[in-house]
Amino acid sequence: MNAVSIRACRIRDKLEACINAFEHSDTPDRRVELDFRIGVADGSRVYLEVGVSDAGKGFDPARVSPPDIADKLKSSRKRGWGIKIIESLMDDVRIESGTHGTKIVMRKYR
Amino acid sequence: MSETLKVAVERPDETTAVLKTDGYINNAGGEEIAKAAYALLGTGVNRLLLDLEKTKIVNSIGISILIEILEKVLDSGGRLAFCRLTPTIEKTFQIMGLAQYARIFPAADPALAWLRGDAE
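Chains as they are written, first to last, in the numbering used here: chain A, -17 to 92; chain B, 42 to 161.
It should be emphasised that the hints constitute simulated quantities derived from the structure, not laboratory data. Some hints could be false.
Simulated pairs of lysine to any residue, SDA-like, Cα-Cα distance not exceeding 25 Å [to be verified]:
{"#": "1", "chain 1": "A", "residue 1": "Lys90", "chain 2": "B", "residue 2": "Thr127"}
{"#": "2", "chain 1": "A", "residue 1": "Lys39", "chain 2": "A", "residue 2": "Lys56"}
{"#": "3", "chain 1": "B", "residue 1": "Lys113", "chain 2": "A", "residue 2": "Val75"}
{"#": "4", "chain 1": "A", "residue 1": "Lys90", "chain 2": "B", "residue 2": "Ala69"}
{"#": "5", "chain 1": "A", "residue 1": "Lys56", "chain 2": "B", "residue 2": "Ala75"}
{"#": "6", "chain 1": "A", "residue 1": "Lys56", "chain 2": "A", "residue 2": "Gly40"}
{"#": "7", "chain 1": "A", "residue 1": "Lys66", "chain 2": "B", "residue 2": "Leu153"}
{"#": "8", "chain 1": "B", "residue 1": "Lys76", "chain 2": "B", "residue 2": "Arg125"}
{"#": "9", "chain 1": "B", "residue 1": "Lys113", "chain 2": "A", "residue 2": "Arg61"}
{"#": "10", "chain 1": "A", "residue 1": "Lys66", "chain 2": "B", "residue 2": "Asp54"}
Some but not every residue of chain B turned toward chain A, in silico, with C-beta under 7 Å [said to hold, decoys possible]:
{"#": "11", "residue": "Thr56"}
{"#": "12", "residue": "Thr57"}
{"#": "13", "residue": "Val59"}
{"#": "14", "residue": "Leu60"}
{"#": "15", "residue": "Asp63"}
{"#": "16", "residue": "Ile104"}
{"#": "17", "residue": "Glu112"}
{"#": "18", "residue": "Gln135"}
{"#": "19", "residue": "Ile136"}
{"#": "20", "residue": "Ala140"}
Beta carbons are placed, not taken as given, at the ideal position from N, Cα and C, and that holds for glycine.
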């Protein structure tokens, strides 16, 4: 993957996570925190890690049904693609969520 | 790529239109495309080509609006194609399964041929 496409994935997935945080968290302070980390895994695999956190109501990722295009075409609700897009474009995605809020950590290897 | 999405419309024939986008397809950008597309569908166009050469980012809200446009085109018995997508956008559309209902082409000419039924 070249530098441009890494940048495109990074920006897009960060945006998706922020959209989800603002839209679904019901966070009382309307704040979303971002943190960035560059690291090396297994001695040589350089990665960028982006964390998006909110202090909202949390959710159970296991209860989020994956979207299906055939259903979406027939449904009045076309939304619900954020997590699928993030998981598809990033190399690792970790979601920690509870009553204290949600943190999604997305990792992309160089 | 501009911050506010712009849409340029070309009409190669009576039933076909090309929408060239320039900018970020988010909520506002998607609505701009939908406005142009629905105006065209009301004038007899039912073959749409979305040329995204100057669009580098699409978010999930924008994608949901593109699905609405696709639904309306299919309901009218028409076809919708995309061309000149960035690799990331193309991968996203493939992952979503959008490519099952709308074809993706590297350039406009083969897309227009497919829309007209001249090529499969």
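Results for each hint:
1. Lys90/A <-> Thr127/B: holds, 18 Å
2. Lys39/A <-> Lys56/A: Violated. Lys39/A to Lys56/A sits at ~30 Å, over the 25 Å cutoff.
3. Lys113/B <-> Val75/A: violated, 34 Å
4. Lys90/A <-> Ala69/B: Violated, because 28 Å separates the two Cα atoms, which is more than 25 Å.
5. Lys56/A <-> Ala75/B: holds, 18 Å
6. Lys56/A <-> Gly40/A: violated, 29 Å
7. Lys66/A <-> Leu153/B: violated, 30 Å
8. Lys76/B <-> Arg125/B: holds, 21 Å
9. Lys113/B <-> Arg61/A: holds, 16 Å
10. Lys66/A <-> Asp54/B: violated, 37 Å
11. Thr56: Interface hint status for Thr56/B: violated (22 Å vs cutoff 7 Å).
12. Thr57: Result: violated, 22 Å to nearest chain A Cβ.
13. Val59: violated, 23 Å
14. Leu60: This hint is violated: Leu60/B lies away from chain A, its Cβ roughly 19 Å from the closest one there, beyond 7 Å.
15. Asp63: Check failed: Cβ of Asp63/B comes no nearer than 16 Å to chain A, outside 7 Å.
16. Ile104: holds, 6 Å
17. Glu112: holds, 5 Å
18. Gln135: violated, 9 Å
19. Ile136: holds, 4 Å
20. Ala140: Violated: closest Cβ of chain A sits about 9 Å from Ala140/B, beyond 7 Å.
Taken one by one, the earlier hints fail for this structure at numbers 2, 3, 4, 6, 7, 10, 11, 12, 13, 14, 15, 18, 20, listed in ascending order.
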